[in-house]
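Protein chains: 2
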Amino acid sequence: MTRTRSRRVYTGKVISLDVDTVSFPNGTTGELEMVRHPGASAVVPFLDELDSPDPRILLIRQYRYAAGGYLYEVPAGRLDPGETPEDCALRELNEETGYSATNLEALTTFLTTPGFTDERIHLFMATGLTEGSSSLESDEILEHYPVTLSAAVEMVRSGAVTDGKSMLGILLSAAKILR
Amino acid sequence: MTRTRSRRVYTGKVISLDVDTVSFPNGTTGELEMVRHPGASAVVPFLDELDSPDPRILLIRQYRYAAGGYLYEVPAGRLDPGETPEDCALRELNEETGYSATNLEALTTFLTTPGFTDERIHLFMATGLTEGSSSLESDEILEHYPVTLSAAVEMVRSGAVTDGKSMLGILLSAAKILR
Numbered sequence: 191m192t193r194t195r196s197r198r199v200y201t202g203k204v205i206s207l208d209v210d211t212v213s214f215p216n217g218t219t220g221e222l223e224m225v226r227h228p229g230a231s232a233v234v235p236f237l238d239e240l241d242s243p244d245p246r247i248l249l250i251r252q253y254r255y256a257a258g259g260y261l262y263e264v265p266a267g268r269l270d271p272g273e274t275p276e277d278c279a280l281r282e283l284n285e286e287t288g289y290s291a292t293n294l295e296a297l298t299t300f301l302t303t304p305g306f307t308d309e310r311i312h313l314f315m316a317t318g319l320t321e322g323s324s325s326l327e328s329d330e331i332l333e334h335y336p337v338t339l340s341a342a343v344e345m346v347r348s349g350a351v352t353d354g355k356s357m358l359g360i361l362l363s364a365a366k367i368l369r
Numbered sequence: 191m192t193r194t195r196s197r198r199v200y201t202g203k204v205i206s207l208d209v210d211t212v213s214f215p216n217g218t219t220g221e222l223e224m225v226r227h228p229g230a231s232a233v234v235p236f237l238d239e240l241d242s243p244d245p246r247i248l249l250i251r252q253y254r255y256a257a258g259g260y261l262y263e264v265p266a267g268r269l270d271p272g273e274t275p276e277d278c279a280l281r282e283l284n285e286e287t288g289y290s291a292t293n294l295e296a297l298t299t300f301l302t303t304p305g306f307t308d309e310r311i312h313l314f315m316a317t318g319l320t321e322g323s324s325s326l327e328s329d330e331i332l333e334h335y336p337v338t339l340s341a342a343v344e345m346v347r348s349g350a351v352t353d354g355k356s357m358l359g360i361l362l363s364a365a366k367i368l369r
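Going down the list, the sequences are from chains S and L.
The numbering used here puts the last residue of the first sequence at 369; the count rises by one with no breaks.
The numbering used here puts the last residue of the second sequence at 369; the count rises by one with no breaks.
Hints are computed from structural coordinates only; laboratory data are not their basis.
Fair warning: there could be bad hints in the mix.
Examples of chain S residues lying across from chain L (beta carbon under 8 Å, computed) [what the hints assert, rightly or not]:
(1) Thr-211
(2) Val-212
(3) Glu-223
(4) Pro-243
(5) Leu-294
Derived CB-CB ranges, DEER-like [claimed, not checked]:
(6) S:Thr-320 to L:Ser-323: 37 to 43 Å
(7) S:Glu-344 to L:Val-199: 24 to 30 Å
(8) S:Glu-285 to L:Glu-273: 26 to 32 Å
(9) L:Pro-228 to S:Tyr-335: 17 to 23 Å
(10) L:Glu-321 to S:Gly-202: 24 to 30 Å
(11) S:Asn-293 to L:Ala-257: 28 to 34 Å
(12) L:Glu-273 to S:Asn-216: 40 to 46 Å
(13) L:Arg-198 to S:Leu-240: 45 to 51 Å
(14) S:Ser-242 to L:Arg-246: 53 to 59 Å
(15) S:Pro-271 to L:Thr-218: 20 to 26 Å
(16) S:Ser-213 to L:Thr-320: 31 to 37 Å
(17) S:Pro-271 to L:Leu-237: 28 to 34 Å
(18) L:Pro-271 to S:Gly-258: 35 to 41 Å
(19) L:Val-199 to S:Gly-322: 47 to 53 Å
Note that beta-carbon positions come from the ideal geometry of N, C-alpha and C, so glycine has one too.
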């Protein structure tokens with residue numbers, strides 16, 4: 191699959207949109223709509239030591255325009271230009287919850303929805319948390335929601351957590367930690 | 191958060207892009223870029239009975255322009271206008287793998303990346319599979335990749351599966367079935 195043409199149809203704050211003309215291996219050509227995204231980090235913040243029997247994590251509950259309501263999520267946000275995924279994870283954790291973390295452990299990097307965007311999210315667990323004060327942007331309205339990891343897994347299974355990155359962060363943390 | 195204005199900046203085959211002006215609870219207003227998507231279904235196809243000790247599932251391996259390479263995924267695709275998530279799951283399973291299924295079990299419905307799109311994916315497990323012939327679109331180039339569910343979980347944990355919906359389908363299936 192090779193690109194023969196790329197047309198930028200929108201350049202925005204968060205995303206840009208390209209319509210690319212590509213040749214398929216069977217000889218046909220077609221247009222693909224591709225949302226360009228700088229990538230993001232998301233972090234599962236652990237309020238207790240990882241070797242606790244069922245450590246608590248800190249979810250946030252925030253209004254999401256796309257969902258038309260409130261979602262339970264893990265702290266997350268876009269990479270700034272030149273920023274590493276680790277620095278982004280620590281910065282977003284601090285901005286959204288006020289917590290600093292002394293340790294990050296990578297869980298995975300995944301594609302959110304590769305049919306139409308190149309967005310990759312870097313997922314981490316954060317430990318060694320110390321409390322400070324948060325600094326939210328004007329479009330961020332959120333509450334803290336501490337919960338045990340096993341209860342968070344149950345929220346994923348029951349459909350109470352419906353945000354993809356948060357579901358993956360919770361399930362992958364549980365696969366690492368819970369026996 | 192209330193919308194005061196919506197501007198359609200692009201209408202495409204797969205997605206459309208709106209730039210919406212919204213009022214935040216703190217009295218400020220801002221613009222949000224929102225990719226509108228009709229929604230999709232994705233399905234974990236089981237080649238063996240669910241009560242087998244470690245049933246095999248059928249992954250597909252396909253080239254993804256957004257990833258610049260091949261990804262392991264579960265069969266999936268967009269909802270046609272008026273189509274139910276269940277009918278879409280069965281149709282995409284059949285088109286991409288040739289298999290028909292007699293039974294679908296819902297796993298969850300989730301938001302792929304609610305920061306900039308309203309896309310929801312409906313996730314299912316399919317059982318009672320019978321083989322037929324597939325009917326791929328010109329931009330779909332794919333191979334079948336049968337694997338045990340426990341091996342698929344390991345592919346998620348090791349980073350061999352990097353597609354969000356597929357990771358969630360595998361982990362949620364394993365949480366239901368594997369002991």
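Consistency of the hints with the structure:
1. Restraint check, Thr-211 of chain S versus chain L: the minimum CB separation of about 11 Å is more than 8 Å; hint violated.
2. The beta carbon of Val-212 of chain S comes within 6 Å of a beta carbon in chain L, closer than 8 Å, and the hint placing it at the interface holds.
3. Interface hint status for Glu-223 of chain S: upheld, as the beta-carbon distance to the closest one in chain L is roughly 5 Å, under 8 Å.
4. A distance limit of 8 Å between C-beta atoms decides the matter here; for Pro-243 of chain S the minimum to chain L is near 19 Å, and the interface restraint is violated.
5. For Leu-294 of chain S, the interface hint is violated, the least distance from its beta-carbon to any beta-carbon of chain L being 17 Å, above 8 Å.
6. For Thr-320 of chain S and Ser-323 of chain L, the Cβ-Cβ distance of about 60 Å falls outside the hinted range of 37 to 43 Å, so the restraint is violated.
7. For the pair Glu-344 of chain S and Val-199 of chain L, the supplied restraint of 24 to 30 Å is violated, since their beta-carbon distance comes to about 41 Å.
8. Between Glu-285 of chain S and Glu-273 of chain L the beta carbon distance is about 41 Å. The supplied range of 26 to 32 Å is therefore violated.
9. About 31 Å separates the C-beta atoms of Pro-228 of chain L and Tyr-335 of chain S, a value inconsistent with the hinted range of 17 to 23 Å.
10. Checked against the hint of 24 to 30 Å, the pair Glu-321 of chain L and Gly-202 of chain S fails, with Cβ atoms roughly 45 Å apart.
11. Between Asn-293 of chain S and Ala-257 of chain L the CB atoms are about 30 Å apart, so this pair conforms to the stated range of 28 to 34 Å.
12. Between Glu-273 of chain L and Asn-216 of chain S the C-beta distance comes to about 26 Å, which lies outside the given range of 40 to 46 Å.
13. Arg-198 of chain L and Leu-240 of chain S have their C-beta atoms about 47 Å apart, which keeps the hinted 45 to 51 Å range intact.
14. Between Ser-242 of chain S and Arg-246 of chain L the beta carbons are some 36 Å apart, a value that contradicts the proposed interval 53 to 59 Å.
15. For the pair Pro-271 of chain S and Thr-218 of chain L, the supplied restraint of 20 to 26 Å holds, since their beta-carbon distance comes to about 25 Å.
16. Distance hint check: the CB atoms of Ser-213 of chain S and Thr-320 of chain L are about 35 Å apart, consistent with the given range 31 to 37 Å.
17. Here the CB-CB span from Pro-271 of chain S to Leu-237 of chain L is close to 46 Å, at odds with the stated 28 to 34 Å.
18. Between Pro-271 of chain L and Gly-258 of chain S the beta carbon distance is about 21 Å. The supplied range of 35 to 41 Å is therefore violated.
19. The hint said 47 to 53 Å for the Cβ distance between Val-199 of chain L and Gly-322 of chain S, and at roughly 39 Å that hint is violated.
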